[in-house]
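Novice: Could you build the full structure based on these sequences and the hints that come with them?
Number of protein chains: 2
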Amino acid sequence: MTARLNFGQLSIAASAALLFSAAPALAAPPGSPAEAVDVFIGTGGDGHTFPGASRPFGMVQLSPDTQHRHFRQSYPWASGYNYADSSILGFSHTHFSGSGHSDLGDVLLMPYSGETKLEPGYPERPFSGYRSRFSHDQEKAEPGYYAVRLKDHEVDVELTASERVGLHRYKFKAGEPAKVLLDLRTSIYNYDEKNLWARLRVRNSTTITGMRETRGWAPGRQVHFAIQFSRPIDTRQLLNREEAIPYRGFAPPGKTPGDKALVEGKQLMADFNFGVPNDGTLLVKVALSAVSEDNAIANLAEMPGWDFDQERERAGKAWNDALGAVKVEAEGPMRTKFYTALYHTMLAPSLFMDIDGSYRGPDNQVHKAKNFRFHSTFSLWDTYRALHPLLTIVAPEQRNADFVNSLIASQQHSPYGILPVWQFHGLETWCMIGYHAVPVIADAYMKGIRGFDADKALAAMTASAEYGPYGGLEHYMKLGYVPIDLEKEAASKTVEYAFDDWTIARMAEKMGKKDIAARYYKRAQNYRNVFDKETGFIRARKSTGEFRTPFNPELSNFGSDYTEGSAWQYSWYMPHDNAGLISLLGGDTKLVEKIDQVFDAKVDETVYAHMEDISGLIGHYAHGNEPSHHVAYLYNYAGAPWRTQERLANIMATQYSDKPDGLSGNDDLGQMSAWYAFTALGFYPVAPGSNEYVIGRPFLDKATLNLPNGKRFTVRADNLSSGNGYVGRVTLNGKPLTRTFIRHEDIMAGGELVFTMQATPNKDWGKEQNARPYTQTRY
Amino acid sequence: MTARLNFGQLSIAASAALLFSAAPALAAPPGSPAEAVDVFIGTGGDGHTFPGASRPFGMVQLSPDTQHRHFRQSYPWASGYNYADSSILGFSHTHFSGSGHSDLGDVLLMPYSGETKLEPGYPERPFSGYRSRFSHDQEKAEPGYYAVRLKDHEVDVELTASERVGLHRYKFKAGEPAKVLLDLRTSIYNYDEKNLWARLRVRNSTTITGMRETRGWAPGRQVHFAIQFSRPIDTRQLLNREEAIPYRGFAPPGKTPGDKALVEGKQLMADFNFGVPNDGTLLVKVALSAVSEDNAIANLAEMPGWDFDQERERAGKAWNDALGAVKVEAEGPMRTKFYTALYHTMLAPSLFMDIDGSYRGPDNQVHKAKNFRFHSTFSLWDTYRALHPLLTIVAPEQRNADFVNSLIASQQHSPYGILPVWQFHGLETWCMIGYHAVPVIADAYMKGIRGFDADKALAAMTASAEYGPYGGLEHYMKLGYVPIDLEKEAASKTVEYAFDDWTIARMAEKMGKKDIAARYYKRAQNYRNVFDKETGFIRARKSTGEFRTPFNPELSNFGSDYTEGSAWQYSWYMPHDNAGLISLLGGDTKLVEKIDQVFDAKVDETVYAHMEDISGLIGHYAHGNEPSHHVAYLYNYAGAPWRTQERLANIMATQYSDKPDGLSGNDDLGQMSAWYAFTALGFYPVAPGSNEYVIGRPFLDKATLNLPNGKRFTVRADNLSSGNGYVGRVTLNGKPLTRTFIRHEDIMAGGELVFTMQATPNKDWGKEQNARPYTQTRY
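Protein chains in written order, with UniProt numbering: chain R, 1 to 779; chain U, 1 to 779.
Heads up, a few of these hints could be off.
No distinction is drawn between identical chains; accordingly, a pair holds when it is met within one copy or between any pair of copies.
[Unchecked claim] Okay, derived cross-link-like pairs now, DSS-like style, lysine-lysine, Cα gap no bigger than 27 angstroms in a straight line:
no. : residue 1 : residue 2
1   : Lys522    : Lys542
2   : Lys173    : Lys140
3   : Lys255    : Lys478
4   : Lys542    : Lys255
5   : Lys255    : Lys488
6   : Lys590    : Lys117
7   : Lys194    : Lys590
Think of the hints as simulated: they come from the structure by calculation, not from any bench. On a predicted model such as this, the values are computed, not experimentally measured, just so you know.
Specialist: In structure tokens:
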């Protein structure tokens, strides 16, 4: 027994050596952007990213799931994978990158050897089910590629993907039959009865199709799929694991699970045995479709061949092309952190359309996209802040237009006639607050992105901003604020609506629609209605006009005035009118004082402990959650950009690392990473729609933006070092830049932004009023 | 209080008078076929028909449901309606006509007055819910039209339909607001959790769309619908009545049910209030689609106007055209029974295709019909016997070709690659036995019906007959019989397969495919393998070859050798080779003896009491179930047609009446009625595929068949009276007919079949071998 075990271990080591040591480590060319990415950053801690394989903005995001099905607490497994785990459940085809809440994990495959076990078993009890232990030593990944050795099954797994098709390569132990389990029961964020319905069907000896419909975060979601194997199935079982199956007396043909051509039910599984492959290898393609099994089969055409290495190379090239939007010169960890952040900004919104253009919209009906590619997974409360603005610089104009067209199409399909709030797989989740598709569209339009119907877009935006039943808008329109007695989290809603309104005004103004502009510029000032001069905080009012009492500025729980935040976090949210805030507070100094208090407060760790999303704390500043993201940049508006520079150095040093737990909070579909990318470049879009980026300080020696229009814009930081954390001077195209922001047009024109860094603050630069970034009161 | 009540009662009487007395009773022209129909025949007893409105073979079959939702025993409500009930639950849009098992009852609407009650309440407790009492005095119906007064709500309801759209007209009490409940929870054959998912959506002030997906007899069935009201909705509530709704925290916009633009869930309802109509009238259109809500909206185009009377007239005309296929001269009750039977033969298979040609097939995928109209609801174990053969005479060739094309398309879509068994709404239920789509296609082909691809059809037929996993076919093909130790109900399966096989042989032979014909003629003799010479019965053998013991020829329970039958019922089922049966039994006299024993046996009523479907007993003969249907005609094969004539007189007199309980068993989608129509005409298709109809005796003075080819064939019964129950002589086109069958070609050529009836048997007619109908051994 001992001898056998030893032999087994030797065998594992030898095989592992083949994939994990002897072979070239990763395919990405040395020095390429993709090679610099460490996809494991964010997979630990609260980052909620996944290490699996996809194309940029790909529909299939194929990744290992390590979550423990028997745990009710799902937060650590929002992406299916947690770096702290030591066993893998299987490989599924849909994942969120960095979401707080979660879903997906569709079509889980698990190659295995030995006895068939239909339950996953327990991580703490190896061989208790089909789960397998793995070790990070035997796990490798790069953009578009993931590999791991399943220790318990002695199977090497490699994954890659095209846009709609995941490709698996399994290498089994020599002489062992190739076996694969398909578990349609498992999901990310499981709960009882999540599966409404599922179907599995044998199409021929190498093809299986099926679907499942789930009641998860997006209720009634359908995922259809087609699975193609590189070898004919030798024996198979299609199973429904439900205990009480109605109408069992009327059974489809087939006495044994191996006879079944189709199973339907709520708890489906399949077990496939392919016999012993000569080379030990089995490849599996999985195509997805939201529309039908037939469409999933059609989507397989995207990947006609069976050359895994070629597909992996294609995926790698797609990533290098995408990440090549920025060429960075920086030292190892900084380069890694930057490109990993950039990688994480290119996973969502993701393609969600079959090759024939059909997709499922928020009405759960099938539509066909004309002249655009439908995308979904819009985590808008997060991503309107920095992710979408970043993508206007680093992603092709067509992709940005696709986003806008997808939002407009969604509004037109919406049963409510409004733009998406938190949409994935075409469906609305009603998660978080605001109508933040509005700033995404306005920002794109203001920046000159075309390829969509601006009139339709503006109509969709105003329809969303004026839909009374949504989030207290009826009262907001009447009272000028959302009343807390009629609508929860009313303070946050009021200030976020006001910002969104301002972006409508901006776009309407640019389109020459003066009436709309005037109406929304007025609404944009509504943040004032919830500012309490007495306490100096944004607070919720009741419909009678009084502020709700008692008031505790540290309170952030459900039922508070705020959404995932406290007064200390939400009181500085009028990014379009920071001059207004300054005047409400009583001057520049007051703002600086307040922001200093935010960062420097001694906050008892229990204050925010009940809110999973409020993490990455520096005082009250919570870098792990979005309401704080613009706050460090606010000093610029008070003429004190050197204070911003100090805070940024601290945030960059404490909230990001090149380790698996290197994100201090959920990446939120790329928003945390977009913040990092912008900040590393030296500027940040405090008010999307303003076409301005507020200058912080660069963290990269040099970065060249290869712009969508073919031009180049270089950001250089002379004298950058850990000791030289302050901006001494700035030049744009050789001329001194006295303002503390740059315009989108400055970047798009191409050119060079040069920072000269120094050890001490330059307190003069940016002090003057006319140096400061946009605020509405200038109009 | 008393005064008010009295006033209310007066008001009921007055309003009822308007619809039910003063107005012309029914719209069908006097003397027209439709006017002769009594749609209530079969709605009582075990008939399981429904009295509601549809077009011939229409997709929407809109009818009142009286079933008691809180009863678990559903059999009396297989069509939703039972004449014995005195309260109505509502009006739903899909129903089976005469099924044993059941489902459907989709999209239930209930107009009401007074307080809103969201539960149906109990029949025995008036006003305990939204149910309403009604009385048959205040209920009227004709083909394509149904009307009833809802006593408790003081609402007059009228229903009519086009092919895909149901039209309701509600007349409310003067000055009362028009209110309508939509209950998406209720179904026919309810059980807990039948609804997998449902959706309701407000499209505009007059239009609601939605869907529901159920796990009933056909699992995973989707019904989409569009509801249009003639008046704008004044106030509304969309509700999900589930107790535990997951993700309740992420709620769609709308604080109140009236704000909701959409609800999703498992237990949906809606309540609509339209204010007070000037004329008290509200009209409602409901279009169905299996494909999508958008398609349901498109199907509304079929009925653009709001003229109820015109739609009713159109429906009536469609029925008169269809029923006009036979012009009958007979006395009142006989005429009524005949046309009612003919009416019941034209409700299924029904259209199941959107106006754009799209439909859902047995793979639950969406397909598009090319050059045919997809039909579904194939109760084939019942209907291959007489319904489909009848429709080859009384329905247009195109309709018959549509049936065949629908069967072929279903086989091509089938995950199993086989023809439908018991299909509805495109989906397979796997109910009953055999591959009886095969004789339907063969019968059509043999009769010269074209418009389908015969090669594809034959391929579909052999694929079905050779699909090993289905119903023991693997063993049947190897052993020549289905072995009872490996497959239940093996004796019934063997004999039915053998018949189906014979029809394949017939069609293959006619197509010139000699090999296939030879192979299947051989298989057609397999009935011999389960004939036990010792007992003289068909019995089940084990795979080892012995007959299973113990043997009790009266045994018919689940687990017996038979399907819904006993040895006494199944031992005469080789309709293609009755000469073979005669020789196995030992001669003509033996057959006559055996069949006499069937009819004349004194059978204890407990023998078949446990089988709901075995009803209409005369000895062991069970007219209420299909295995007996050909038995009375078997005397002809022994040269004793006068004995058939006697038995038919008895069956016609005891098993059918013009009362609600006028069907002695489930109508089974028209099979019981087709038996009646054929038998009344004077002949019956004992062996579909033979192109022969075995002559019984006529029950109508005169019937003229207006044939699909434009010709006419008249059947006359001279000297017919209750005392003259025997056929004296028969002439065909003036020439004596010595054979006791007529050929399909005889009918289609047009002409006249004249019976001369007499009081005593003519024992010579049909005695000779060459007078007898087809049996296989002639080949």
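Novice: Does each hint hold? Answer for all of them.
Specialist: Results of checking the hints against the structure:
1. Lys522 to Lys542: Classified as within: same-chain Cα gap 21 angstroms, cross-chain 87 angstroms, threshold 27 angstroms.
2. Lys173 to Lys140: within (19 angstroms within a copy, 76 angstroms between copies)
3. Lys255 to Lys478: Classified as between; 17 angstroms across copies, 67 angstroms inside a copy.
4. Lys542 to Lys255: between (66 angstroms within a copy, 17 angstroms between copies)
5. Lys255 to Lys488: between (56 angstroms within a copy, 12 angstroms between copies)
6. Lys590 to Lys117: Cα proximity of lysine 590 and lysine 117: none, with 65 angstroms in one copy and 60 angstroms across.
7. Lys194 to Lys590: neither (51 angstroms within a copy, 63 angstroms between copies)
In the structure shown, a violation is registered for the earlier hints numbered 6 and 7, in ascending order.
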